[in-house]
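Chains as they are written, first to last, in the UniProt record's numbering: chain A, 1 to 522; chain B, 1 to 522.
For the record, the hints were derived by calculation from the structure and aren't laboratory data.
Keep in mind that the hints are not guaranteed to be accurate.
Note: identical chains are not told apart, hence a pair may lie in one copy or across any two.
[Claimed, not checked] Here are the simulated lysine to aspartate or glutamate pairs, EDC-like style, with alpha carbons at most 16 Å apart: (1) K464 - E277; (2) K254 - E314; (3) K419 - E405.
There are 2 protein chains.
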Amino acid sequence: MAVVEIYDTTLRDGSQGEGISFSAEDKVKIALKLDKMGFHYVEGGWPGSNPKDMAFFQRIKNHRLSHARIAAFGSTRKPGIPVQEDGNIQCILAAGVSVAAIFGKSWDLHVTRALGTTLEENLAMIEESVGYLKSRGLMVIYDAEHFFDGFKANAEYALATLRAAVRGGADRLVLCDTNGGSLPEEITAIVGRVKEEIPVVLGIHCHNDGELAVANTLAAVRAGVTHVQGTINGYGERCGNANLCSVIPNLTLKYGHETIPRSSLARLTDLSRYVSELANLHPNPHQPFVGASAFAHKGGVHVSAILKDTRTYEHIDPALVGNQRRVLVSELSGLSNLFYKLKELNFNLDASREETRRFLEEIKELEHQGYMFEGAEGSFELLLRRAYDNYREPFKLESLRVIIELKENSPVYSEAIIKLTVGGQVVHTAAEGNGPVNALDNALRKALEVFYPDIRRMQLTDYKVRVLDEKDGTAAVVRVLIETGDGERSWGTVGVSTNIIEASWQALVDSIAYGLLKNNGR
Amino acid sequence: MAVVEIYDTTLRDGSQGEGISFSAEDKVKIALKLDKMGFHYVEGGWPGSNPKDMAFFQRIKNHRLSHARIAAFGSTRKPGIPVQEDGNIQCILAAGVSVAAIFGKSWDLHVTRALGTTLEENLAMIEESVGYLKSRGLMVIYDAEHFFDGFKANAEYALATLRAAVRGGADRLVLCDTNGGSLPEEITAIVGRVKEEIPVVLGIHCHNDGELAVANTLAAVRAGVTHVQGTINGYGERCGNANLCSVIPNLTLKYGHETIPRSSLARLTDLSRYVSELANLHPNPHQPFVGASAFAHKGGVHVSAILKDTRTYEHIDPALVGNQRRVLVSELSGLSNLFYKLKELNFNLDASREETRRFLEEIKELEHQGYMFEGAEGSFELLLRRAYDNYREPFKLESLRVIIELKENSPVYSEAIIKLTVGGQVVHTAAEGNGPVNALDNALRKALEVFYPDIRRMQLTDYKVRVLDEKDGTAAVVRVLIETGDGERSWGTVGVSTNIIEASWQALVDSIAYGLLKNNGR
């Protein structure tokens, strides 16, 4: 039973995964979520490597965090130059964070072959880089890249690199299985050796190339490591990093260690889906602990046993990680989530009332069609107010038409024509746009601005499309998620249709309706 | 270094995974493939549970297998009846196989709560069921369900169930972590205890609920087990079974055990994709060893190191498991990624030539606009061939128009009108669709099918949209990624525009052009 620090690198190592690309704004959202859940460190990016990461560090400064410390990533200085002249190290300082994570070489092969320098110079690079950042007042986490492979090739040299970091004043030494090919018993033995030799807090950073990243991380903790690095959903280069959505519940529930608070653990499933939504990746239904199928039971033997005693086919209570038992014959999922959300909005519904039952069925039916309200609080609240609150729509659609034309050697042309009823008046107007959704957006704003001047402050900030049943190709149902902001807050809305324009329209209408609702409420 | 028997249960436990359903013919195909690759056992199904499984056992008899033995699955007899009157046991005999795999209860909780019988009767059920099948000449593999949980709750009783199976004459005793929640060190300790007490060959059967199925399987082998059960790609109920695509290469390449022949190991990636194709599931690109991203390098630092020595960022040679190194062309990467990619496509470009410089600048400019070639190898290769290969486009767009109409109380209507030049002829046609992209897709296929009948086999399998500069709202640049398959291979293409229809059109055009290019190349 120890306190194990959780260090999330979804925003840096995770974003090196194929097909993953977060915007600076996505990164800020994820960092805030991780902070709220009590993660100890959030590695925001590599400020020296691209302008997007630097933008993240600028933006995150505008937020007050309550738990997490933001870390900036980088490497030890280049061979043969003074540390204060190294651009990459300067970028870490420019990021303006209190924690630096820098990686250096542990494996002699890498020093001589990849870096093309001497073993001695590498030790100096480590000691001076750590020392310089320490002298500038930062906490320094030293990532010993390829530590296990390096140790197997030349244990003495690998240990010497750690000692160099200790001399520089490193606060944490993180042993990395960079190529992800180590076996648990190797991790156990090598961490044990390091622990005997080195007096600094040790960390672990595993990759999943042998499908052993979680096991290797747990083995390291058993051997005395108290700082764990990984990513949400195991995103990361090649086969990914150690999956924190499995590492955290294993450490907390199976080993009894203290990681993130229990109340946050109960929102782990939400977190996993939130991050996959922002990454625009399908959640893996079979993902341990947090997957939609992780506690799904098929009919027959399993179900009847589960009804007698859930321990018969469940290794933990799914509620501990915010997941749910699903019995595949009945679609009872989602109710407790739903009630949780209703309470959040101060709707204390009586579950026994007829209208509540009807509302629940509507939600179930919409989710069955492909709506997802997790990333669309705006649409969800509108649905609720439409059902209960005598909510009046700010306008009503009569008809819309969108025309897109593309000709050789001329720019593409998009036009939207809409006819609405607003406050008893019919408005019939048209607008062009950069693309059909923009044309629609422009036409809608043009029609409504006279009636609702607040609309001018609302801006669409993200637009995501997800194909739901891929087997149907271009005829598949698509879900559109729109994020809108007014400079103060932001909200998500959703639309679903086989027609991307119709789905976009639904989300667009909700986006404006919700914005107006909140403005009136102030 | 031992011989470890590989027992595949993809067709039985794997098909209990949510969303997986094999036809009897699919099952035969997979069994033949596994046989050819030297798997020792193939569990074909549970003949007592459904007619499809019985059909498999009938059909597989028409084939001569060269390595694998086919096993039929079932349970011990029901409480309180003579074994020869148990319908489930009779079905195993009716399957006409030489190997029976029967599961029985090890956990006292299950015996009394789920089964509702006495601990003594359960022992009799095990011994008599095993004994009866042995007396009918079958090899009997006894699956001790919930063995680890049972052992933790009541070690003496769990061992007594194994002894009952031994008295019945069981040839293998397979210890099952049915709920998938055990930890590697528990597996090590409990297998060690069993090994001391029981003189029969031991097996292991793990589930992945703690993301530890592969580690637990390896731990069991280290503790003396020589029979390993699992599924291809880790398919299976809830979070799946131990993934044989990771277990086999770990046992063979890391531990030096004998499993399937080395020549078969080099076809493991093919096997994984073949099974996912028949299961109609997307292959997981990040799957260890066999995933498309498992040896994909994105970071510029990684790529330049890989070019010097592949060991720097690869834990094994990808060719050993039939996989390939891939270098992703992306914003994070430098020129070294691009040169690697060109070499892969047999374009040996001279970096000093003017056209190469121009090509590189074009790529850089396109990436700056928002193109992403790491998920769009089809578009990348077309770009290259357009620049160097005197590539001729299969058709040329004259004009296109898309109209979408939405009226109160009537379904949305989408129509695409296109005018193309194909082989000197002008084709002017139109089509409706479920949404504008589907309408475009339909119109394009309609126009081209006469000229290129191969198009009929191409199917769009995924469609992703990403807004690139979110601050511009609906006027932002969007990137469309399309994945297309023809049943044998699949390829990605990309389009970028402020207009989602135009971006989709670009990706659609490349998708068909690339498919035709590859078909002509055969």
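Quiz item: Failing hints, ascending?
Solution: none
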